[in-house]
Structures are given as structure tokens and as C-alpha cells.
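Listed here are the chains, written in short residue letters.
2 protein chains.
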Amino acid sequence: MAKEGADMTEETQFMIDTNPRKEPEHVESSGDAKEMRAVVLAGFGGLNKLRVTKKAMPEPQDGEVKIRVKACGLNFLDLMVRQGSIDNPPKLPIVPGFECSGIVESVGENTAGFEIGDRVMAFVNYNAWAEVVCTPADFVYKMPEEMSFAEAAAFSLNFVAAYMMLFEVANLREGMSVLVHSAGGGVGQAVAQLCSTVPNVTVFGIASCSKHAAIRDSVTHLFDRNVDYMQEVQKISPEGVDIVLDCLCGENTAKGLTLLRPLGTYILYGASNMVTGETKSFFSFAKSWWQVEKVNPIKLYEENKVIAGFSLLNLLFKHGKCNLVKSVMDKLLCLFDQKKIKPVVDSLWALEEVKEAMQRIHDRGNVGKLILDVEKSPTPLMASDSTETSEAGEEEEEPEGDNDSKERMPFIH
Amino acid sequence: MAKEGADMTEETQFMIDTNPRKEPEHVESSGDAKEMRAVVLAGFGGLNKLRVTKKAMPEPQDGEVKIRVKACGLNFLDLMVRQGSIDNPPKLPIVPGFECSGIVESVGENTAGFEIGDRVMAFVNYNAWAEVVCTPADFVYKMPEEMSFAEAAAFSLNFVAAYMMLFEVANLREGMSVLVHSAGGGVGQAVAQLCSTVPNVTVFGIASCSKHAAIRDSVTHLFDRNVDYMQEVQKISPEGVDIVLDCLCGENTAKGLTLLRPLGTYILYGASNMVTGETKSFFSFAKSWWQVEKVNPIKLYEENKVIAGFSLLNLLFKHGKCNLVKSVMDKLLCLFDQKKIKPVVDSLWALEEVKEAMQRIHDRGNVGKLILDVEKSPTPLMASDSTETSEAGEEEEEPEGDNDSKERMPFIH
Numbered sequence: 001m002a003k004e005g006a007d008m009t010e011e012t013q014f015m016i017d018t019n020p021r022k023e024p025e026h027v028e029s030s031g032d033a034k035e036m037r038a039v040v041l042a043g044f045g046g047l048n049k050l051r052v053t054k055k056a057m058p059e060p061q062d063g064e065v066k067i068r069v070k071a072c073g074l075n076f077l078d079l080m081v082r083q084g085s086i087d088n089p090p091k092l093p094i095v096p097g098f099e100c101s102g103i104v105e106s107v108g109e110n111t112a113g114f115e116i117g118d119r120v121m122a123f124v125n126y127n128a129w130a131e132v133v134c135t136p137a138d139f140v141y142k143m144p145e146e147m148s149f150a151e152a153a154a155f156s157l158n159f160v161a162a163y164m165m166l167f168e169v170a171n172l173r174e175g176m177s178v179l180v181h182s183a184g185g186g187v188g189q190a191v192a193q194l195c196s197t198v199p200n201v202t203v204f205g206i207a208s209c210s211k212h213a214a215i216r217d218s219v220t221h222l223f224d225r226n227v228d229y230m231q232e233v234q235k236i237s238p239e240g241v242d243i244v245l246d247c248l249c250g251e252n253t254a255k256g257l258t259l260l261r262p263l264g265t266y267i268l269y270g271a272s273n274m275v276t277g278e279t280k281s282f283f284s285f286a287k288s289w290w291q292v293e294k295v296n297p298i299k300l301y302e303e304n305k306v307i308a309g310f311s312l313l314n315l316l317f318k319h320g321k322c323n324l325v326k327s328v329m330d331k332l333l334c335l336f337d338q339k340k341i342k343p344v345v346d347s348l349w350a351l352e353e354v355k356e357a358m359q360r361i362h363d364r365g366n367v368g369k370l371i372l373d374v375e376k377s378p379t380p381l382m383a384s385d386s387t388e389t390s391e392a393g394e395e396e397e398e399p400e401g402d403n404d405s406k407e408r409m410p411f412i413h
Numbered sequence: 001m002a003k004e005g006a007d008m009t010e011e012t013q014f015m016i017d018t019n020p021r022k023e024p025e026h027v028e029s030s031g032d033a034k035e036m037r038a039v040v041l042a043g044f045g046g047l048n049k050l051r052v053t054k055k056a057m058p059e060p061q062d063g064e065v066k067i068r069v070k071a072c073g074l075n076f077l078d079l080m081v082r083q084g085s086i087d088n089p090p091k092l093p094i095v096p097g098f099e100c101s102g103i104v105e106s107v108g109e110n111t112a113g114f115e116i117g118d119r120v121m122a123f124v125n126y127n128a129w130a131e132v133v134c135t136p137a138d139f140v141y142k143m144p145e146e147m148s149f150a151e152a153a154a155f156s157l158n159f160v161a162a163y164m165m166l167f168e169v170a171n172l173r174e175g176m177s178v179l180v181h182s183a184g185g186g187v188g189q190a191v192a193q194l195c196s197t198v199p200n201v202t203v204f205g206i207a208s209c210s211k212h213a214a215i216r217d218s219v220t221h222l223f224d225r226n227v228d229y230m231q232e233v234q235k236i237s238p239e240g241v242d243i244v245l246d247c248l249c250g251e252n253t254a255k256g257l258t259l260l261r262p263l264g265t266y267i268l269y270g271a272s273n274m275v276t277g278e279t280k281s282f283f284s285f286a287k288s289w290w291q292v293e294k295v296n297p298i299k300l301y302e303e304n305k306v307i308a309g310f311s312l313l314n315l316l317f318k319h320g321k322c323n324l325v326k327s328v329m330d331k332l333l334c335l336f337d338q339k340k341i342k343p344v345v346d347s348l349w350a351l352e353e354v355k356e357a358m359q360r361i362h363d364r365g366n367v368g369k370l371i372l373d374v375e376k377s378p379t380p381l382m383a384s385d386s387t388e389t390s391e392a393g394e395e396e397e398e399p400e401g402d403n404d405s406k407e408r409m410p411f412i413h
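Those protein sequences? They're chains A and B, same order as listed. Using UniProt numbering, the final residue of the first sequence is 413, and nothing's skipped along the way. Using UniProt numbering, the final residue of the second sequence is 413, and nothing's skipped along the way.
Extracted from the complex, chain A is given alone in its bound form:
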């Protein structure tokens, strides 16, 4: 099967822009109103499966809003989609991306509340990484005036997920403690900020050493992801922590459960440990599934513990909870207006730089959110608030489990 994958790679190679910078005509804004630029995933695998190309302009159906996209969020999940390391991977080719911000260009029937020209942020079930996207009005939210498009694209998924985990799934209250993996990532930074809205919450953050300087002030205690964080946490808080937020899975599940106080809640909201290299076999999801340690309910009973899973995208697109998410978004926008929370943008990338951006998130080089800036020309530019982090391609940190350095050289496949 790995062999077949390799064959397929060669077969589809001719379709793929291996270096889109050589083709500036794709970079320019499309003058033809029937077409738009978009990032397209042509096959599951490495960075070379992505290219920017022109696609037919979408038009809004009943209940949909058409958005002229200004900025898109890039999440670790997008890497997993690229590799096919998710349950029910989409049919290809597809335009990736689950969130964006922009301006309403037109509306379908039954989209009360939205007008042409509205500045909005939105969830999309794929297709976000494009100049134009249509999505049901249920997934669209008006942006506050003081919010930039980049901030809006960094806001929706991370803050809604962080809020729902802390306050809907767990029940964060005064005096509690929270342990968060990937504390420097988009969700991690949102978690840290939301915890600071509750009095006397202790946040244990785990992140790569390279990020420590940038995020030290956002958490109470910061640990290197390469050290035995269990021992460190237990030294400070022998009775454990109230909430563990884990986007890694694997061995961290058992560790997280062990670290919980009685009545504590462990929440799995991602499985980025499933991504170990640049490419991944089609069987990796199933394999990872079986490798995860199962939990005995009777153990939970004896220890008074709670284990939860949280997938915001499934909640929105499979489980029909858009009204609940809407109410959460309202609360978050209040907190934003009160200047209690503010999305952290790591860096802005042109659509044509999606590979560099993906490499950066793969290498865990980001502090906060990576943004695809649809109107940006392909010259990397770091956001002002992330100057302490290194650029993609300059990473000192070893990507996990991929030992052939030729393979790991960014953008060369």
C-alpha cells in the first residue's frame, strides 16, 4: 500500500505546482469573476500535494453566505488532513481549510442578519483556503470593529474550542488548575488567556524550549516538552490538576489521567502525535487508533475521574451544535470587547506559501496562529508580536520521528 502511495505520487506529480513562485500568474488576483485562486490538495501525503490553482467561483445556495476571504486560519488538523491521518478523510482533490475571515459579497435565501459588506469570520467544512468561500449562515459571525482580519481568522476555532473545553466540558472555576500541552500554539494561547479571566487559576504549560521566552508570561508554570513533565507537575502540585487539555494523544493520555485530581477532567482534543513525519501511510489513522491506551470505566469510578473527547469541527459539521457554538461565540466576543482576550497571530503567509507555513506548524515553530493572508504576496513576513520565534526553515528543533534530513528540508520533495 505504501508502494501504491508512492506510485500515485509519481502519477500525480505532473498536476502539482512544485514551485508556484515560478508561476506568478497564479499569484495575481484573478480578474475573471468566474474564477478564483485556491489552495488545492491533490493527494494525501507530503507538502508537494498542495498547489495554488484557479477554481470555479462558488455561488451561495439557500442559507449560505458568500465571503470574499481576507485571511484563513492554519491548524495542525490541516496537516493531518493533508496526510490523510484523520477518520473519514475527504474525497480529493479538495480545498483545505476550516476557518476564515472576510467580507460578505452576496447572500443566498434565508440568511437573515447578514448583508453585503459585513465583516465576518466563519467556519467552513473545507474550502476555506481560497479567495472566495460559501458557507451556511449558521457558521458565520460578525466581527467586532476593532478586530483585524488576521485576528478574526485566528479567533474562531482556537477560542471557541478553548472556551468550550474549559467551561462546557470541564467546569473551570476559581482556584482550579489546568495543564495544557502545546501551550505556545493557537489553542494553548487561547486557553491561557481564558484561564486568566477566572480568579486564581494555575496554568501548567508544556511547550518546546524555543518558545519559552515568548510565552512565559502567559502561564503560571512552563515545562519543556522533552522533560518528564509529570514529575515536575507533581512536585509543584502533589494532589494533581483539575483539567488536562491534550492535543497530542499517545502516552500523554495515561499521564494526563494519572495527573488528574479527583473530579478532574482530561480532555483529548487532537492527536498530533499521530503525525510523526512529513508523509504518512493511509493506514496510520487505524494504527494510531489501536495504539492508544483504552480506559477502564471502573478505574474512573474508583478514582472519581472524567475523560472527555472534544472535536469542534465534528460538533459543528457532524453533530449540529451550531446554536451552542453561536452562544459561545457571543460570550467570547464580549470578552474580546472587554479586552480580556486577544488572538495571538504568529505569522502571515501568502496562499502560495502554504507549504512553508505547514512546515512551520509541523516543526512546532509557531507561537500562536499561522494565518494565510489571501491578499499577501509571497514574501514571508513575521507578525510584530512574534519576532522572537525563528522562521520556517531555520528551526533548530528536530521534527519528530523523521530522521532523514534530506526528507525534512522544507519545501524540497
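Some hints could be false.
Estimated spans, in silico, between C-beta atoms of each pair [what the hints assert, rightly or not]: (1) B:228 <-> A:231: 43 to 53 Å; (2) B:173 <-> A:198: 13 to 23 Å; (3) A:35 <-> B:258: 39 to 49 Å; (4) B:198 <-> A:251: 31 to 41 Å; (5) A:377 <-> B:200: 51 to 61 Å; (6) A:294 <-> B:335: 35 to 45 Å.
It should be emphasised that the hints constitute simulated quantities derived from the structure, not laboratory data. Owing to the predicted nature of the structure, the values given are computational and were not obtained by experimental measurement. Every residue gets a Cβ at the ideal spot worked out from N, C-alpha and C, and that includes glycine.
Keeping the supplied structure of chain A fixed, place chain B upon it in accordance with the hints.
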């Protein structure tokens, strides 16, 4: 090992009062202040392991309150203790029982807030089934004036457990739905009452048919425990339920998880399915442990579901959460004062009738709580609010898994 167990039974037979009614001197209140009557468990196994005997009068240590017991609660867990079907069974002989009500007879040092003569209810880490018990003041609560001793003994464990599961572990809110197994039992009835304090909550109750007439008004939908309740619930609520409360374990865990809505919570708070007959091997706990289906965290992630375990006794006696329980008790006593909740007493039994009472809860004959009334003479008397239920020994319902009817005849071993 089973053989050894049988041998031990014979060895210890001489210790046991097989028919305490023939020895009325044990029934009378003990005039000697240095001694008290108590139920003693001499070995793990059947009803014949229990007897009423005299024991040395306990005296309160530092921080303890000495209570002249009026009434004790009998829980399904007491059966599991008797059989040794729990993790870390106690050293024998022991006086069983985890909750009681009574009058403060004396207090140790550092028991501020309690005075001799106070009417109280209390949790005890074993030893409740006696005329006198000493327990830390942290586990003692003053009774409202309008509460009888029988009600108080029926209140603590069931209502605190039900409240904490609904409002601390899960987050019961307006419009939600709750499925509760053993809806006719003490916790089940407390759950139903607490659900009625929140607007528009749908309660799916599962109970033996024989209890349906007595509890029909307490729940929204009532199902026979012998039918496929999953199908019935899904017919009424295709999207599932928000909270499942399961004291049975076994196959109900997988069913409960399947029935959950996204963001729903399954709580395991007992494992009475582990008790299948009158007696049980010492290995039964370990065996049941391995038979329980383990839960994959990635499945929870994909389905946005929560699984929790809840053991109030571990929370109190192992996990040091007496302050949290105290705050919950305060809220419950407010609800009692407002006449929004009221413990349901199934029946009152003398200490010497503990075997009949245990047989009744084993046969799932009770509606609400079985109470050991310490001052009662051994003549069965049904509480006024439970006249529709049959007495122990007249059960039509088959006890599970124990097919030798001679074995099952109450009190004959």
C-alpha cells in the same frame, strides 16, 4: 480458592447467629454503657456472614463526634462489601454501613459546631450499623427539624451522589435529558427529584416492572429493565440523551455511551451487575474488571462524548473532598427546606432483620431506601409510602443468575 472459601464458611459457622430472633437478649437495648449492639460481617459471602452482636462502645477521638444512632442507610454497595466484590475489601470482622442519623452523645476535641443533643446525619467509613458510632466531624451534618431520622439516613448518600453527578460532574441545565438505571432505587429517586428542580428536564427511568406503578410519576418515560431500552429511548429521542447515570456497569456502559448526545456525559457510579448471586468468589472483582469494555479516547474525541466515574465514598474517605461535599449538603438542605426534595423510604428493618433487608435490595424489591431502624424490634413493617411494594420473601421477581431456589430462600443458609 473457592474451596477454601467454602471451608472457611464452615469454620466460621459457629461464630454466626443463624437466627438471632431466638436470642432476644441481643435485641434489647444494651444497658451496659461499655457495650453496644452492632451488625458484624464475619466473612465475605452470603447472608449467613452477618450477625448482630455486642461490641465495645467506641469513644470519640480528636475531631470526632460520637453519635447515638437512630437509623442507618442500606445501600447496594453493602451487598458488594458483604461478598467482597469491591476493590480493597476491608479486614474482617467489621461492622458494615456507611451512613446513619442520630443524636450527638459526646464530642472529641476540635469538633466546633456540634453539641451534645444535636440531631445529625453522618457518613462513616464502615461501622454505621450499630447503636453508637464515632466519625470525624467533617462527615457530620445537622438535620433539619422537619426531617425524621429515617429520612435523614435515606438522605445523605443518595442525594449527595445524585446532586454531584448531575451538577458537578455533568452540568444539568434546562431542557436536557437524563437516563437513570435503577430508577426505583434510592439514588434513582433522588435523581428524579433533583431533575424536577430544573425546568424542562426529560427523565428516562429504567426499573423492574413491579416498581412501575409506584414510581411512574417520578420520571418522564419509564422502561422495563428486561426490554431493549436503547431502542425505546432512541424512538422517543433519536438524537440521544445528555446524561446517563449507570450503577450497573457491564453491557450498559457501551449502551450508555452509544445513547449519548454530542457533549453528553455517561457516569458510572456503581457496578451492581457484578453481584449475580447470593455469594461471590473472591476473584469476582478482578474478573468483572477485565470484563468491562474499555473505552478508546479517540472515539470520545470523534463523538464529542464524556465518560466519568463517580464514587462518593472514595471521594469522602480516600480523596479528601469533605469540604466540597459539605457545600453540596448545604445546597441540598436548602432544597429540602423548600420542599423541593424529600427522601423516599422503602421500609424500616431492625438490626436483626439486616438479612431480610439485604435480600430485598438484592432482589431489587425496594422503591427508595431501605433503612435499619436501630430502635425497632424485629418485626417487618413497611413504611407508609411504600405499601405497593411487596415484602422480602414474597418477591415475584427472579434474583439474577442464582438458579438454585433452595439457595435463594431468604435467611436459610
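Could you check the hint for me, namely that residue 198 of chain B and residue 251 of chain A are 31 to 41 Å apart, CB to CB? holds (40 Å)
Outcome for the supplied range 51 to 61 Å, where the beta carbon pair is residue 377 of chain A and residue 200 of chain B: Between residue 377 of chain A and residue 200 of chain B, where Cβ atoms are some 55 Å apart, the hint holds.
Do the beta carbons of residue 173 of chain B and residue 198 of chain A sit within 13 to 23 Å of each other? Since the Cβ atoms of residue 173 of chain B and residue 198 of chain A sit about 19 Å apart, the hinted range of 13 to 23 Å holds.
Honestly, do residue 228 of chain B and residue 231 of chain A meet the 43 to 53 Å range at C-beta? At roughly 49 Å between Cβ atoms, residue 231 of chain A and residue 228 of chain B fall inside 43 to 53 Å, so the hint holds.
Cβ distance range 39 to 49 Å for residue 35 of chain A and residue 258 of chain B, holds or violated: This hint holds: roughly 46 Å between Cβ atoms.
Please check whether residue 294 of chain A and residue 335 of chain B have a Cβ separation lying inside 35 to 45 Å. holds (39 Å)
Checked against the numbered hints given earlier, the structure satisfies every one of them.
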